[in-house]
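Protein chains in written order, with the working numbering: chain G, 1 to 371; chain X, 372 to 742; chain S, 743 to 1113; chain R, 1114 to 1484.
If you are wondering where the hints come from, they were derived from the structure by calculation, not from laboratory data. One or more of the hints may lead you astray.
Short, incomplete list of chain R residues facing chain G, as computed with Cβ under 7 angstroms [unchecked claim]: (1) Pro1186; (2) Gln1187; (3) Gly1190; (4) Pro1192; (5) Val1314; (6) His1430; (7) Thr1434; (8) Phe1436.
Beta carbons: idealized from backbone N, C-alpha and C, even for Gly.
4 protein chains.
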Amino acid sequence: MHSAQAKYAYVWRRRLSDAFSTLRTAIVGVSGYSGAELARLLLRHPRLQNTLPLFLGHYGTESRSVALTDIHPQLSGLPNADDAGVTGWNWNQLQREGVDLLFLATPHEQSREWVPEALARGLRVVDLSGAWRLRDETNRAVYKLHDADAALAATVQAEAVYGSPELHGPAIAKARLVANPGCYSTSIILALAPLLRANMVDLDCGIICDSKSGVSGAGKAPTPTTHFMNAADNLSAYAVFGHRHTGELLEQLQLTENQIQFTPHLLPIPRGILSTIYVRLADSGTTENIQACFDAFYAEAPLVRIRRSPALPQIQHVVRTNFCDIGFSLSPDGKRLVIVSCLDNLLKGAASQAVQNMNLMAGWHETEGLL
Amino acid sequence: MHSAQAKYAYVWRRRLSDAFSTLRTAIVGVSGYSGAELARLLLRHPRLQNTLPLFLGHYGTESRSVALTDIHPQLSGLPNADDAGVTGWNWNQLQREGVDLLFLATPHEQSREWVPEALARGLRVVDLSGAWRLRDETNRAVYKLHDADAALAATVQAEAVYGSPELHGPAIAKARLVANPGCYSTSIILALAPLLRANMVDLDCGIICDSKSGVSGAGKAPTPTTHFMNAADNLSAYAVFGHRHTGELLEQLQLTENQIQFTPHLLPIPRGILSTIYVRLADSGTTENIQACFDAFYAEAPLVRIRRSPALPQIQHVVRTNFCDIGFSLSPDGKRLVIVSCLDNLLKGAASQAVQNMNLMAGWHETEGLL
Amino acid sequence: MHSAQAKYAYVWRRRLSDAFSTLRTAIVGVSGYSGAELARLLLRHPRLQNTLPLFLGHYGTESRSVALTDIHPQLSGLPNADDAGVTGWNWNQLQREGVDLLFLATPHEQSREWVPEALARGLRVVDLSGAWRLRDETNRAVYKLHDADAALAATVQAEAVYGSPELHGPAIAKARLVANPGCYSTSIILALAPLLRANMVDLDCGIICDSKSGVSGAGKAPTPTTHFMNAADNLSAYAVFGHRHTGELLEQLQLTENQIQFTPHLLPIPRGILSTIYVRLADSGTTENIQACFDAFYAEAPLVRIRRSPALPQIQHVVRTNFCDIGFSLSPDGKRLVIVSCLDNLLKGAASQAVQNMNLMAGWHETEGLL
Amino acid sequence: MHSAQAKYAYVWRRRLSDAFSTLRTAIVGVSGYSGAELARLLLRHPRLQNTLPLFLGHYGTESRSVALTDIHPQLSGLPNADDAGVTGWNWNQLQREGVDLLFLATPHEQSREWVPEALARGLRVVDLSGAWRLRDETNRAVYKLHDADAALAATVQAEAVYGSPELHGPAIAKARLVANPGCYSTSIILALAPLLRANMVDLDCGIICDSKSGVSGAGKAPTPTTHFMNAADNLSAYAVFGHRHTGELLEQLQLTENQIQFTPHLLPIPRGILSTIYVRLADSGTTENIQACFDAFYAEAPLVRIRRSPALPQIQHVVRTNFCDIGFSLSPDGKRLVIVSCLDNLLKGAASQAVQNMNLMAGWHETEGLL
C-alpha cells in the first residue's frame, strides 16, 4: 500500500514533542480485534509519539517482522501504522528494548503463565484476558487455570487490581498488575455501582441483567457461531447461568449468585453491547433522585455519559467511541427501575479501558489519547 | 410480470377439490406486512381454492383494482396471486359477494369502528389490531379509542374472544369476533401460561420479560425509526413501562402490574421476536418437571414446539415458519428459570395465528394451510 | 423437538395419493446449504409422498442415523422432516432400497469419482457440483479433476447433459446424468441466451457480467471469508478473470474468452444473486423488440419471469423463490443494453433447478413441487 | 448528556495553539449525513481550534440554537461538540461573525441560489451539492436548475472549480467557489484519470462502471427506498443510463456518452462505495506498467492508496477513513483491465474531500485534520 502520508507524520510528532514521555509499551497478541483497537489507540496516543509501541507475536525467537497492516488492513494510513511490524519476542528482548508496560491481549492461559514472569522482570502489566480478574477461587474455576507455582500465583493474584478506572482509580495508579475488565462486566458494573453503593437497591428479588453483544465479542476465529449465515438475521441467548463474566459482577458489586443474574445474547452486528438491567428499589425513588445518584457518582468520570431520562442510550451512539452511556426509566410507582447501559465491547469494553488504565498508571490524565 | 405458471394452477386446484369449502374470506388492509403474509397464506390455503379471498383497500366506492403483486412483488409467482387485485369496497359489496369471514389488518381506530357494523351484517371477524384485545378499560386507554356508540361497543367487547388458539380454542371456534393477539404478547403468554396455570411461579418478585423484535414490527411507514441508517448495526430499548402489549399480558396471564414487567427492543433484522423471560419458582424445580409441564400443556398444540433443555430457540429457527418455539434453562439451585420464546412476528405473531383462528372458526384442523 | 404435527401428516398424504409416483430418490451431501434446500423441496414434493427421499451422509458402512433436523433445525416442522435421518451408505444399499435417482450435493472430486459407478449400477444422477458441467478439457482444468479411468470418464462426460431446463429440456428428459448448473452461470446464461440466439449482440466489444452473491454461495465451512466480521458491512470482488463458472458461460453461450468477462462479488446478505450484464447490440434496438425477444424465448418457461422495462428485478423479489427474474434497460440511442438478472443461489441457482431437472427426467411437469 | 470531558479540552487547545489560524468557517445544512461528518472533521481540525465553525440551520432570523448533539448524538463527547449549537442565520450575521469560508451541505437548488450571493459578499464557498459541478448546460439539465439571474449564474459557473484535489489542486487553492465532487464520481474519476491521461485506454468499446453504494448515499429522509425492510438483505440497480453523476464523468474525464457507462446499485450497508470498472487497453499491458502508471500519478496524493495487484480494495478497508483505495486485475492476455475503487461516500466522497479542498484554499497541507 502506498504511504506518501508517512512524509507528513513528522509535523504531527514535532508539534506535540513537548508532551512526549519516555514510557515504552508493548502489546502481545495484537492480531485479535481488541489488539487491533489497542494498536490504533497507542499509535496515535499523544504521549507515546517518541516511544511507539512494540507489537509482539509468537513467543520464542525474535523472528522476522510481519507488517501490522497486513494483519489489520484497516489500520493502514494511520500515522506510523504502515511502518510497524509484528515480531516474535522473548523476555530478554523486552528488557533490552526498555519496555516498561506490557499489554497482554492473549488467551487467559497465556496471561496466567506470563504475568508472574513479567512482574519478576520489573514490567508493569495490563492484562486484557480474564486470567487475573477474580480473587475468589470458586469464581475463577470457570477458567480452568493451572498454575505452575500456586504460591507465586496467589501472591500475584493478591496484588492484581481490577481495572475499572471509575471504581479503582487510585489503586490502578499504583498497580503493577491491572486486570482489565470484561466487556459485559463493564457495561453492568458501571450501571449498578452507583445505586448499590448508595444502598438504593432491594436485593431480595435479585437483579436481572439481560445483555446483548455484537459478533466481535465472539472472537476472530472462524467458527459456526461466527459464520455469517448463523449470525446474520438472528438472535440467540447463550451461556445462561454460566457465563464467565458473572464472577466479576459478584466480586465487584459484592453480591451473591442469588442477588444477580446475567444472560448474554449474540446480536447480528459487528460491535457494541447493550445491557438492560432490572432493579427493584429499596424505597420508592423519583427520576430526579436516581438521576442525581448517577450524576454524582460519575461527576469526575469523563468516559461515562449519563443520559437524561427519558432518553436512553443506543448502541449506535457508542460504537467506535470510548464512552459507556447509561440511562434509565423508572416505573410509575417509583419502585422498579430499568437501566440501559451501552458501550463498544472492543473499546470501553476492552482496548480503550486498557489505555485509560495505562494513563492512570503513568500519572497522566485518564482521557489522554481517548477524546 | 410473465405468468405462464398460471396455466398449471388448475392441476393443483383439481387435485384438492374434494377438500374445498364454501367459506368466503376477505382481507381489509392487505398493504402492510401482516396483510401480505395473510394474503400469501389464504391464497394457498387448501380449503379456499374454490373461494379465493377478496383483497380490499380503501372503504367507499368499489374502485378499480390494483394488482396485488404491484403492492407486494414478492407474492408474484404464488398460485393465483398474479391475477389478484385489491379493490375499494363497501358493506353492501361484501354481502353481495357472500363474504363470511372478514380479516381486519387495519389500524386499531378503524377496527374499533368497523367491527360492530361487520357483526351486525352477519360477518364473522378476525381483527389483527389491538382494538378488541383488552377487556379492561384502564388497559385499553393506551389505544385512545373513541366509540360512537359506547353501549354497543361494550356489548361487542364482551363477546370478543382473545385469539390465542392454545389457550382459548373452544371459545374461538364459536366466536363471532376474534381479537388476534399482539406479536410480543404471543411470545410471552405462550411461554408463561403453562407454569402460571400450574402455580409454579413465585410472583412476589415479579416476572421480567425482555423482548427483542425485528424491524417489520415497526410497520411499513418510512420513519426515522425504520430508516436503514438508524436501524442497522444498532439495538435500542423503547416504550419501557409503557408498551401497548402489556395489557394483554396482564389480562391473559391474570397478573398485576407489579407481577410482570415487559421491555421491548428493536433488533437490526427484518423479522422475528425473541423474548427472554425471567421467573422465580415457587418451589425448587428440576429440568425434568419444568420440561414435563411445558410438554403436557402443549401436547395437543401443533404450532408450539418445546425444545429439550439445554437447547434454546433462536430467531433463525422460527423465521418464515408458523411456530412458536420455547426453551428454558434452570439455575443450578432450581429456583430461577430463564425461558426463551421465539416466533416470527408476522406469522405466529400475526398472520398465521389469524389463519389458525379461521381454521378453528370454520371447524377445520387448526393447522390447515399452515404446515 | 415436539412433533405433534406428525399426527396430521397422513391427511395430507392421503389427499394427494392419486398423484403419487414410485420414483425413489436419495441425496448424498445433505449437510450443506444446497442440500438443505433440496431436502426441503423433496420432502414436500407432491409426487414423492409415498417414496420419501433417502438422506445419505458418509460413504461406507450403513451407519446409525443422525436426525435431519439436528443438522438443519430450520427444517423442523416440515411434514416428514422430524422423522427423517441421515445415514451412512454404500452402493449395495442404494440398489437394495430401490433408489432410481441420485442427487449429488457433494464436492466436485467426489462427484467425479462416484458418477461412473452410479451410472454403471443403473442409477440416474443429478449432480450439483461442477464436476461434469464442462465438455472442454481446458475449461475443466480449473477443477483439477483426476480420473481413475480416463476413458470411462470421457464416455460419461460425453453423455452428461447441462441441466438448464430452459435450454436443454428434451435432452434432460432422457439423460442419465444431468450436470446441474452453477448459480452465477444460471443467472447469466438465462439473461443472455435469448439475445445471443437471436444474433442481436455485437460481440466485438465483449459482454461484461458484474455479479454479486450472498454469503451462502461461499459454503458452510467457517473461514475468514465467511466470518461475520469480514462479510458484514462489506463488499469485495474476487476471482477476477479466474472464476470456475466462466467455462459454463463459454460453452453454453458458445463464446470465446474475449467475448465475455465475469466478475463475482461477495454481498453482505445470506442469499441471492444479482448479475448486471452489459451488452452492445448489433443493431439499434427498441425496448419493445428487446422485450419481445425475452418474452418469446421464455413463453413456455414457468420459472423465468421477465419484468416489464423500466422495472428491474431486485434480490428481495427472488429470495426464497424458485424463479429467475430478468429485466433490462436500453440506452437512449438503442445501442447499449443493461440486463439485470436475479435468482436465489440456493434455489434456482441450485436445489430447485435440480428438482426441475428431476421433474423432466421423471416425465412430470417441470414445476411440480416448485410453485 | 454529561460532559465532564469539556474540562480537559483546554489542554488540547493550548498544546496546539502555535498552529492556529484565523480562518472562520460555517456549515449550512449540518443536519444531513455529510453535514455530520463535516462537523466532526472541522471540530477537531487542528487549525480551527481558535475559530470553531458556525453551524447554520434555516435561513432567516438568527433563531435560538438547537444543540448539535441533539441532532447528531454520535458527535457527543467529541471535543467542543457538546457545547455547539445550530442556529438560524442570514447574510449580515455571517459578515458580522467574520466568516471567511462557507460550506454548503444543502440541496442543489439552494446552493445554486446562495452561491452568487455568498461570493458577492466576499465569502469563499465549498459547495457539496451538484449545483456547480457541471460546465455543460446539457449535462446540468438533469438538476432542473432555475437561475434568477442567468448571466450572473453563468459568470459564477465559469469560475467554479471542480473540487478534486488530485486533479485540480492549484486551481482549488485560488478558487472562490469549489464544487465538491459526487461520491460515485470521485470513486470512478480517480480510478480512470491515470490511464486516460496516459492514453492507455481503448475507448471504442466504452468503459463500464458498475458501482455499489451504501444506504447513506440515499439521504436521511425516510422513504420506501431507505426503509430497513426494503434495503436490508437486498441489492438493486437504479437510475440506469440516467444517474446525475454521469455528467461529472464526461466532463472530468473528457469522454462522450458512448465512451463511458455508469450503473449505480444500492447496497444493504450503511456506508461505503465500491466501483468495478471495466476497461479495454489500447495496447497490451503488464501488471507492472499498470501499477507504475497509478503509482506515478498518485505519488504526491496522500489520500489515494494504490493496492499492489493482485490485492484488491474492499469497502471495509476504507469505511470511516479519508482514503480512496484503488486496485486492479489484468486479464491473462494483457488487454482487459478490471479496476476496483473504494471510498467512504460520506468522507472522501463528500466531507473529507471538502476539508481537503478547504486546506488547499487556506494554504495548508491538504491532509491537515485528515490523518
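Notebook entry, point to check: Can glutamine 1187 (chain R) be said to touch chain G, with a Cβ gap under 7 angstroms?
Noted result: 6 angstroms, holds
Checklist line | Closest C-beta approach of glycine 1190 (chain R) to chain G relative to 7 angstroms, hint status | finding: 5 angstroms, holds
Next item on the list: For the hint on proline 1192 (chain R), just tell me whether its beta-carbon gets within less than 7 angstroms of chain G.
Entry: Holds. Min distance 6 angstroms.
Notebook entry, point to check: Holds or violated: is there a CB of chain G closer than 7 angstroms to the CB of phenylalanine 1436 (chain R)?
Noted result: 5 angstroms, holds
Checklist line | Restraint check, 7 angstroms cut-off on beta carbons, for histidine 1430 (chain R) near chain G | finding: 5 angstroms, holds
Notebook entry, point to check: Is the shortest C-beta separation between proline 1186 (chain R) and chain G less than 7 angstroms?
Noted result: 5 angstroms, holds
Margin query: Holds or violated: the hint that threonine 1434 (chain R) contacts chain G, with Cβ atoms closer than 7 angstroms.
Written below: 6 angstroms, holds
Notebook entry, point to check: Minimum Cβ distance from valine 1314 (chain R) to chain G below 7 angstroms?
Noted result: Valine 1314 (chain R) check fails; min Cβ-Cβ to chain G is 22 angstroms, beyond 7 angstroms.
Hint 5 from the earlier list is the only one contradicted by this structure; the remaining hints agree with it.
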